[in-house]
Amino acid sequence: MDDDELEFSSIPELQELDNVLRCEICHEIIKTPVISSCSHTFCSLCIRKWLATKQVCPSCSETVYESSLRRNPMVENMVYALGNLKKKFQNKNSQQSPVLPCSAIRKTPQPQAKSKKKQRTTNSTFDQDDSNSDSDFLPKKTPPVTPRASTKEMSVHVKSSPSTGTPSRSNKEKMSLPKLQTPLRNVSEKPSTSTDPKSSPAPAAAASASASNVPCPVCSQLMPESIINTHLDKCLIGESTSSSDQNVVNTPSSSRIHNSSNSKTAKLYSPGMSQSHSVKKSDDKRGHALDPIKKMVYHLFKDAQLKKELKKHGLSTTGDRSALLSRLNRYVAFHNAECDATNPRSVEELRKAFDKEDKALAGPPSNSYSKLFSTKQPSIDEFNKHRKDYLKQNKISYDALIEDVKRRNQQKRGSKSVPNGSVASTSATADTDSVHSMSSSKGDTKNEPRETNGKSPYLELSSSDNDAEDNRICTSSKKSKIEVKEQITDQIVLDSSESEIDYSPLGKDSPVKRHSDDSGSDISPDMNRTPSRTSARGPVNVKRKVQCIESESDEDVEDCGRPEKRASLEGRSPVLSRRAPVRRELRSRTSQNKKVSSQPEAATRRSQRNLKNSEEKTLKKPASPDIFGTPSSSVSSDIPCGQPKRKSADSDDALSQLVSIIDDNACSDNGSTTDFED
Amino acid sequence: MANIAAQRIKREFKEVIKSEEVAKCAIKVELVSDSYTELKGEIAGPPDTPYEGGNFVLEIKVPETYPFNPPKVRFLTKIWHPNISSVTGAICLDILKDQWAAAMTLRTVLLSLQALLSAAEPDDPQDAVVAKQYKDAPEMFRLTARHWTAAYAGGPYSNPDFDSKIRRLTDMGIESHDARVALSSFNWDLERATEQLFS
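Residue numbers (full-length UniProt numbering), protein chains in the order written: chain A, 1 to 678; chain B, 1 to 199.
Calculated directly from the structure, the hints in this document are not laboratory data.
In this text, a Cβ means the ideal position worked out from N, Cα and C, and glycines have one as well.
The reader is advised that the hints may include incorrect statements.
What the hints assert, rightly or not - Simulated crosslink set (DSS-like; lysine-lysine; CA at most 27 Å straight-line):
{"hint": "1", "chain 1": "A", "residue 1": "K87", "chain 2": "B", "residue 2": "K14"}
{"hint": "2", "chain 1": "B", "residue 1": "K97", "chain 2": "B", "residue 2": "K40"}
{"hint": "3", "chain 1": "B", "residue 1": "K10", "chain 2": "A", "residue 2": "K87"}
{"hint": "4", "chain 1": "B", "residue 1": "K61", "chain 2": "A", "residue 2": "K54"}
{"hint": "5", "chain 1": "B", "residue 1": "K97", "chain 2": "B", "residue 2": "K10"}
{"hint": "6", "chain 1": "B", "residue 1": "K61", "chain 2": "B", "residue 2": "K28"}
{"hint": "7", "chain 1": "B", "residue 1": "K10", "chain 2": "A", "residue 2": "K356"}
{"hint": "8", "chain 1": "A", "residue 1": "K359", "chain 2": "B", "residue 2": "K61"}
{"hint": "9", "chain 1": "B", "residue 1": "K72", "chain 2": "A", "residue 2": "K54"}
{"hint": "10", "chain 1": "B", "residue 1": "K18", "chain 2": "A", "residue 2": "K87"}
{"hint": "11", "chain 1": "A", "residue 1": "K54", "chain 2": "B", "residue 2": "K10"}
{"hint": "12", "chain 1": "A", "residue 1": "K308", "chain 2": "A", "residue 2": "K356"}
{"hint": "13", "chain 1": "B", "residue 1": "K18", "chain 2": "B", "residue 2": "K61"}
Stated by the list, open to error - One-sided and incomplete, this derived list gives chain B residues near chain A with beta-carbon spacing under 10 Å:
{"hint": "14", "residue": "P63"}
{"hint": "15", "residue": "T65"}
{"hint": "16", "residue": "W100"}
{"hint": "17", "residue": "A101"}
Only chain B is shown next, with the shape it has when bound in the complex (with noise of 0.2 Å):
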């Protein structure tokens, strides 16, 4: 890795590590690989939103050009969200792409994803089922993300409903993943995430 990229990082982390969002639990990095060119990521669900409560962790690869080029960022935790996609975990987020700017830091990327982890743009998704979602039934939305939260995140609310809905499929011997992004692909509608499943 290019030294420029490699020292940048590791005073970076230093930065995250010692940053007050980190004293709050906010965000959190990790070594991944020695070399600094792998790092994970941890942060919160803010408050007031289906996320709170989760902790969401993050696969950040940094490029040997950084900080030139953005560091490529994805979700490793599940996550139903209009901007984030629920298969891949990958981010659709402006700074991550050509908004970039080498001034950007670890830190600011993390708090920049729990910005839009508050403020989804819905009319930019990189999932769009979720965001279809998001603006035709926004209460349905509310609560498939505060059920994926406590289903992967470690979110605190679980939804009952849902639970025996997707307990239903696995009876049927679907796995438990696919029937929740069946059913949350459906408006928790039982019967056409079924239909779907097995066709």
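Here chain A stands alone, though its shape is the one from the complex (with noise of 0.2 Å):
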């Protein structure tokens, strides 16, 4: 419509004319016009749709009524004109088609328009008395028609005049009325008439010849005018039988062609009207016209009332009742303003158009609101699909941990074999794998660890003879203690790390392995003999970690905690191991006072005990499910701690989401747990 506008630019006053006919509520060209008690125009359904908000003119705040609406066929049949002067400029203008129908035309519409002007009276008489003033016909047009049916005709002829194809008639429109007149009858009434168009041609030639043919206004044919008459009768009295077998070609009137093609083009200035006015009297005469819903107090109706006037009407009755009353209303609106339509669609029709605005009405909200109560339960697929799309998201991620981790598992392996060639203990290997990749990472633990390769076998056999001077080293150096405490920290976070890729779909490689390989096989054994120490022991040793990350001071803890690891490491007894959290704490209160004399194997020998106490811990970890009741717990508290020195934020995200990957695993948690201790 806003090229139509720039077409029009050219040319002022159509731009006026187009103005002027234009809806003051919708502000779209005029579409079924409606004339209110106060002589102001509108849409029907618009001005419907105001008043059932406030019963006032829209324009001038004048009291009315819906009821007092009346048609307003003359301000149709102009925004028809206009409506095909527009289509004649776009084609002049895209195609430079013909200039001389496009301004017979022109010329057209406008002087129609005015005679309309002048007698804006009873739409009964008007067109009677329109025709008659400037055609021949009309005398033979107006008996058998009635008054409605006389004004449907002039907007037929109006709509038809552009569509009309043949030389003889676009001649014949420069003298406006009485050709205009033709194409409009011709759409129903034809059938009904001997000749069909395609018959027409010859007789048509004739006539010319004569130059009396004059074609029949209601089927368009051109006719000898003496027997014009005869003709017409036929044609009036067949009017509606025939639409099936012709003039297809010719024009677009049988009232399926028009519903279909001619809507297209000329919707958005009348819909209802071009195809219309023969389509309608037709339907009257079949009983399809629409009638008027009778409106009722539809607020005082009770629900059930509601929904049985809705389905009366074959809608929907979904919604709570405020949806129920104003779906009503407005349905109530549309159907009503269909029936001034001069061709009005079928109920059926009618409903469907409603449906489709109805739920593009309520569509929108409808859709955020199916966004927030989604089923609850998603399918399996449904959500194994979400979880492989997150994992496929944030495979950078996944790919970055696991690489991370296997270098580190190498560099284990590496020095692995150092220790296993040299000693039978396999808890000094673990000790020294973990100390190792600690050593990696951490620069200024960087001498222990090597220290510690060297000597931790013989460490680990010196040690177990004298517990006493553990201890005496752990108690030696304050900063050392915040070393160990970073290095456990550390060793922390590698085992939370190692342990959610375990579950992860993307790396089932080696981490599972290093689990069983290198600490399982020193642990599990204990496990296995002693399953009530498990759960003595679990306790303890996650409390230990915690004291240790958070406060400095709890050297009993520590050393509790750490007598209570060499007692599994030694003796391997549960009845010690038990018993050694006391002892220990005992004899370390008493060995403060000693010092070691060398510093450097005190240092080493005290983060090897500490570190393998967190081997043990990380062993100890898929088992606390049992002690705590869920894995996840056990899991979450190590990841504040130790995070945030290794990991990058990136990584964090993809952390966090791997915790909930292991609480999902559950089971197969605890699974592996007990193979462990198998």
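Fit the two chains together into the complex; they arrive one by one in their own frames, and the hints show the way.
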């Protein structure tokens, strides 16, 4: 429509006409115009919608009731004429179509419009007057046609004139009204006439020779003036019957074609009218005319009544009361507006159109709601799909993590060979492994681990001889203790990430193996032998870990944790280990006075001890579900401590996701634990 | 947004752009969102009023039910007017409420607001303080409104007396807007304004 405006801008008068023929409510070219008691014209639907909110004229604020609205076919015709004009303009501008028809048409609508304006009276009469003044066909036409029908004819002729393509007609178009009427008649009434559009050319040619040929105002066929009366009678009588056989080629008027093809072109201007007058006539005869719905005070209805009413009109009864009410009111307005149309759609069509509109209205909110209230339990496939998607999305993070772990594992493997060969104790191996891996990330602890690598076997053996020495070493210096803490937290991070990766679908390689190979081998025997001990020691370990990280002064805890482990390594007896905490604690108090002579050795040992502890802790972690009830508790308690030290921001996300995955896989987690124990 | 509302607003928008009032810089609209649900209007203070020379910015929100319901309009520019809240910018104008008619457009609304500026209706006030001043001390109202226009809407007339009073208060640590409101409410009685501000 905007394009049309642009076309028109070159001719201000037409632009003005375009502006005048717009509905004040929707600002579109008026559609199914109705006139109010205060003489303002609006789209039927628009004004009905408006009157539902307030019963005054939108233009002048005078009180207006819906019942006082009347059709205004003249405006409808004008709109139609304008539409044709626009079409011509577009054609002309776009493809330089023949100027002649264009100019001819341009002249026609305006006189017509003017004449109609003059006689803005009841619609039943004006058409006849109009046609009387202009055309010689009128007398013939009027008798059979009802007032309403005559107005329809008017509009039809307007409509059909542009579409008719025969040369003879286009010539005659200059005569304005007479020619206009012809096309409209042909629409519906042609069938009855004996002459089909196809058969007509011959008579028409003959008639043209005599120059007395006239087009039938109903079917627009040319014929000698002498027979037009008899033809017309037939035409008018049989008008509705025969639309099927004929002139699809010639006119768009058979009702079906009208609705589909014509409506497309004409809908901007006046959907109802072009298709219609003739059709409506036939509709009338077929009894298809829409009867307006009597408005009732729906808001006094009970819900059940409302639903009944909606059902009666074939409408959906979903939604709450306000939705029902608004739907019913809107439908009544919609329906009654359609009743004003010259060619109302059938009730079914109407219903469909309304449903569409209704859905469009309710659509956006319902969409957002559906997002909010998704089905509570997604199917397993869906769930898996989402998980896969997520994994895919975060593949980079996972890959980085896996790579990281692999690298560390390789380092461990490399260092493993040294202790393995020299020492029998697998626990020592595990310790050095972890120390080594730490050394790669911790610059300040580098020296110690290296020493450990070489010395650990010896240290392990010697320390087993003398527990007191161990404790002494532990308490020797605050600074080294802090280092130990760091190491422990690092170790924790390692553990958590590894165990997480175990369960991630992407990394099923080394981490699992590592658990069973390195550390699992040394601890699992313990567990095997002493199931009771696991539960006894678990809490202590966890507690100790937390304290190590959070407070620096808990020597006692460290002591009691370490000796315990010590015990498990030395004697491998459940009794001893259970008793150990107390004993060690006492010892550590007494041994605090003793100073270790060789500092490096002490530091090495201490770190080794701690690492052993943490290593054991790592192994405990999978088992912790038994103790704490949830596997996630142990894992999540690790993450806040260690994570920030080593992981980058993006891997944080990945880790937290992994934690959730571990939650999901609690079962498999437990399963792996039991594997250890077995 | 319902199709009809969007279509209409689009059309009205063009109408305003093309209108002669825009040519005279009396009114102006611009889009805030592409969806045509929110617009920014601007009206010039009508001549021979305390608002002369000022440009008042309006927030226009178009409801989905437009044009069957009026657009929601409020002043973004602070203004001293009996029918416009000096705090929120809410407008008391019948056509934006119960007297709305579907035939009205953005252009007519903006012009109506302009008319409201030149013809206040103190008997149906939005801002009671302003309305009281308007009725009891019209000259004081005029000066105050002009001062506000100068302070917020780019009006040309400044009032040295008012300015110095505000400065006195801002020196005491009061925000200049709060100071202006307090002083305006008490007919520029510095003592009472101070009392109110520090009570």
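Hints, verified against the model:
1. A:K87 - B:K14: Judged against 27 Å, a Cα distance of about 23 Å means the pair holds.
2. B:K97 - B:K40: 19 Å, holds
3. B:K10 - A:K87: 23 Å, holds
4. B:K61 - A:K54: Satisfied, since the Cα-Cα distance of roughly 21 Å is no more than 27 Å.
5. B:K97 - B:K10: At roughly 22 Å apart (the allowed maximum being 27 Å), K10 of chain B and K97 of chain B satisfy the hint.
6. B:K61 - B:K28: 15 Å, holds
7. B:K10 - A:K356: 23 Å, holds
8. A:K359 - B:K61: 24 Å, holds
9. B:K72 - A:K54: 18 Å, holds
10. B:K18 - A:K87: 25 Å, holds
11. A:K54 - B:K10: Cα-Cα ~24 Å, so holds.
12. A:K308 - A:K356: 21 Å, holds
13. B:K18 - B:K61: Roughly 21 Å between the alpha carbons, so the hint for K18 of chain B and K61 of chain B holds.
14. P63: 12 Å, violated
15. T65: T65 of chain B check passes; min Cβ-Cβ to chain A is 8 Å, inside 10 Å.
16. W100: 8 Å, holds
17. A101: Constraint on A101 of chain B satisfied, holds at 4 Å.
Checked against the numbered hints above, the structure breaks only hint 14 and satisfies the rest.
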